[in-house]
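Trainee: So you can see what is in the structure, the chains are spelled out below.
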Amino acid sequence: DQQVKQNSPSLSVQEGRISILNCDYTNSMFDYFLWYKKYPAEGPTFLISISSIKDKNEDGRFTVFLNKSAKHLSLHIVPSQPGDSAVYFCAASVLPPQGGSEKLVFGKGTKLTVNP
Amino acid sequence: DAGVTQSPTHLIKTRGQQVTLRCSPKSGHDTVSWYQQALGQGPQFIFQYYEEEERQRGNFPDRFSGHQFPNYSSELNVNALLLGDSALYLCASSLGVFAAVGNTIYFGEGSWLTVV
Chain H
1 DQQVKQNSPS LSVQEGRISI LNCDYTNSMF DYFLWYKKYP AEGPTFLISI SSIKDKNEDG
61 RFTVFLNKSA KHLSLHIVPS QPGDSAVYFC AASVLPPQGG SEKLVFGKGT KLTVNP
Chain G
1 DAGVTQSPTH LIKTRGQQVT LRCSPKSGHD TVSWYQQALG QGPQFIFQYY EEEERQRGNF
61 PDRFSGHQFP NYSSELNVNA LLLGDSALYL CASSLGVFAA VGNTIYFGEG SWLTVV
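Those protein sequence lines, which keep their order, are chains H and G.
Residues in the first sequence are numbered consecutively from 1, following the numbering used here.
Residues in the second sequence are numbered consecutively from 1, following the numbering used here.
Think of the hints as simulated: they come from the structure by calculation, not from any bench.
Be careful, since some hints might not be right.
Said to hold, decoys possible - Only part of the chain G face toward chain H is listed, based on derived beta-carbon distances under 7 angstroms:
id: 1; residue: 31
id: 2; residue: 42
id: 3; residue: 43
id: 4; residue: 48
id: 5; residue: 50
id: 6; residue: 55
id: 7; residue: 56
id: 8; residue: 94
id: 9; residue: 101
id: 10; residue: 102
id: 11; residue: 107
id: 12; residue: 108
id: 13; residue: 110
id: 14; residue: 114
As the list claims (entries may be wrong) - Some residues of chain H that are not near chain G, with every Cβ distance over 10 angstroms (derived):
id: 15; residue: 15
id: 16; residue: 45
id: 17; residue: 71
id: 18; residue: 109
Said to hold, decoys possible - Computed Cβ-Cβ distance ranges for the label pairs, DEER-style:
id: 19; chain 1: G; residue 1: 12; chain 2: H; residue 2: 17; range: 40 to 50 angstroms
id: 20; chain 1: G; residue 1: 7; chain 2: H; residue 2: 67; range: 41 to 51 angstroms
id: 21; chain 1: H; residue 1: 51; chain 2: G; residue 2: 83; range: 38 to 48 angstroms
id: 22; chain 1: G; residue 1: 83; chain 2: H; residue 2: 41; range: 15 to 25 angstroms
id: 23; chain 1: H; residue 1: 15; chain 2: G; residue 2: 28; range: 35 to 45 angstroms
id: 24; chain 1: H; residue 1: 60; chain 2: G; residue 2: 10; range: 14 to 24 angstroms
Idealized CB from N, CA, C, for every residue including glycine.
Bound conformation, chain H alone:
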C-alpha cells in the first residue's frame, strides 16, 4: 500500500509564478516529512523538511505546509525559476527500531516544469 501519495505526476508553471506540489499520507505514526528534488542522472537531494508538530517551515523561496488533521502537506515555490524544473519527491521518515538511521518512505514524485 502506498503510505505516501503524490497524485499529480506532473505540473507545469510559468517562470515567476507559484508552484504548489501536494502530498498525502496515511500513516499517523510519521513524525517528520521531507521534500527531495531529483535531476536526471543525479541522486535525490534534500530540499526542505517539517516536523509533525509544526504547520509551516520556510526556507527562502521554498515553504512547506503541513495539515496534520488532513494528513496533507504541500510545497510552495515562489517565485518559480526554470532551474527548479526537476522531479520532486515527498518523503516521510520512520525511526529505526534499533541503531542506524531513519528509513524514508517516498511518494511517486511530481515532475515540475517551469517555463521561461
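Starting from the known structure of chain H, fit chain G onto it as the hints suggest.
Mentor: Leaving out everything else, chain G in the frame of chain H:
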C-alpha cells in the same frame, strides 16, 4: 570531501544472473541504506546496514542481500535476476538516529540496472 559514490553507474544483466552493486558512504557516515527506484516510481527502501548488520528491511525478497564492511562501505547483491529488477538502485548514507531531522541523509547518483 567526496559524497556518496556508487559503482557501477550502468550495467546490463541477463535473467537468472547475479549482480553486485557497491556504495562508499560520505566521509564520517556509518549507516548505509539501499533504495530501489523503478521507472515512474519513488525510491523504495530495501534495507539498511549499521555496524555491519542489517538493521531494517523493506518488503523485498531474500534474493536481495547486502553487506557492510568495517570501513562502512556496502554492497547490494541480487540473485536470480528478474526482468522486474530493472531499476535505479540508490545508496544513501547517514549518521545517527535523527539523520532525517538533521537533514544529513545523502544519496549517491545510483546504479542503473537493466535485466534482459
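Trainee: Against this structure, judge whether each hint is valid.
Mentor: Going through the hints against the structure:
1. 31: Cβ of residue 31(G) sits 5 angstroms from chain H, so the hint holds.
2. 42: holds, 3 angstroms
3. 43: holds, 5 angstroms
4. 48: Where the cut-off is 7 angstroms and the nearest Cβ of chain H is about 5 angstroms from residue 48(G), the hint holds.
5. 50: holds, 4 angstroms
6. 55: This interface hint holds because 4 angstroms falls under the 7 angstroms limit.
7. 56: With Cβ-Cβ at 6 angstroms, under 7 angstroms, it holds.
8. 94: holds, 4 angstroms
9. 101: Holds, about 6 angstroms.
10. 102: Because about 10 angstroms separates residue 102(G) from the closest Cβ in chain H, which is outside the 7 angstroms limit, the hint is violated.
11. 107: With a minimum Cβ separation of about 3 angstroms from chain H (threshold 7 angstroms), the hint on residue 107(G) holds.
12. 108: holds, 5 angstroms
13. 110: holds, 6 angstroms
14. 114: Given a least distance of 15 angstroms, the restraint on residue 114(G) is violated.
15. 15: holds, 27 angstroms
16. 45: violated, 7 angstroms
17. 71: Label holds. Min Cβ-Cβ 17 angstroms, cutoff 10 angstroms.
18. 109: violated, 5 angstroms
19. 12(G) x 17(H): 40 to 50 angstroms: holds, 42 angstroms
20. 7(G) x 67(H): 41 to 51 angstroms: The hint (41 to 51 angstroms, Cβ to Cβ) holds, given that residue 7(G) and residue 67(H) are roughly 42 angstroms apart.
21. 51(H) x 83(G): 38 to 48 angstroms: holds, 41 angstroms
22. 83(G) x 41(H): 15 to 25 angstroms: holds, 23 angstroms
23. 15(H) x 28(G): 35 to 45 angstroms: This hint holds: roughly 39 angstroms between Cβ atoms.
24. 60(H) x 10(G): 14 to 24 angstroms: violated, 35 angstroms
The earlier numbered hints that this structure contradicts are 10, 14, 16, 18, 24.
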